[in-house]
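Use these hints to put chain B onto chain A, whose structure you have.
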Amino acid sequence: AQKITQTQPGMFVQEKEAVTLDCTYDTSDQSYGLFWYKQPSSGEMIFLIYQGSYDEQNATEGRYSLNFQKARKSANLVISASQLGDSAMYFCAMRRNTGNQFYFGTGTSLTVIP
Amino acid sequence: EADIYQTPRYLVIGTGKKITLECSQTMGHDKMYWYQQDPGMELHLIHYSYGVNSTEKGDLSSESTVSRIRTEHFPLTLESARPSHTSQYLCASSAVPGQGTRSYNEQFFGPGTRLTVL
Chain A
344 AQKITQTQPG MFVQEKEAVT LDCTYDTSDQ SYGLFWYKQP SSGEMIFLIY
394 QGSYDEQNAT EGRYSLNFQK ARKSANLVIS ASQLGDSAMY FCAMRRNTGN
444 QFYFGTGTSL TVIP
Chain B
3 EADIYQTPRY LVIGTGKKIT LECSQTMGHD KMYWYQQDPG MELHLIHYSY
53 GVNSTEKGDL SSESTVSRIR TEHFPLTLES ARPSHTSQYL CASSAVPGQG
103 TRSYNEQFFG PGTRLTVL
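Chains A and B, in that order, give the protein sequences.
FYI, in our numbering the residues of the first sequence are 344 to 457.
FYI, in our numbering the residues of the second sequence are 3 to 120.
Chain A extracted, bound-state conformation (with noise of 0.2 Å):
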């Protein structure tokens, strides 16, 4: 069974410091995608960045970077020079490349102080 673990229920942040979110998958599949989702307040899912399991450079998007370690099956988002707008719950995310099936953490509530 495909599981996603984010042990994080909630981090906060100073703001324009660095943060890194947790994520860890357990797949016995060698094809698969990692995803993190940002979901403010207001609901909606916004797709942050995609890091492929046969990637073998970390993906970066902006101020996000995935911190991605194959044999730990670990997949963390690196936020740099946080903004009050980060602050919201990520969700991590693993797609099955047979079947095309996503799985989702439980999210991490991220707050970014003043």
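In short, the hints are calculated from the structure, not lab data.
20 Å max Cα-Cα, derived DMTMM-like pairs, lysine to aspartate or glutamate:
1. A:Lys-346 - B:Glu-44
2. B:Lys-59 - B:Glu-44
3. A:Lys-359 - A:Glu-404
4. A:Lys-346 - B:Asp-61
5. A:Lys-359 - A:Asp-429
Below, chain B alone, put in the same frame as chain A:
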């Protein structure tokens, strides 16, 4: 910009009413999904579809039903709403490998419907 729409955005109704939550996407995606999410909690997959006339139940048992008569449309129906159905319902779609314009094939989400059953 994702082109996936949900209506209504907010709905407050009484117990026993029949409701349909609409979801439409204009991206031509074959795969569509419905998730149920309580505030600040994880997403639970309740239904998904891999194409027209294909529907499957998700991991979380739900009294709702879905249909997929057209590629772009994936409505969710509750025949008799109850207070336990109060939640946010998120619709999503994704391309299959080779269908999308890039390899991510991420799920695109609609804005959600916040349902309150009194």
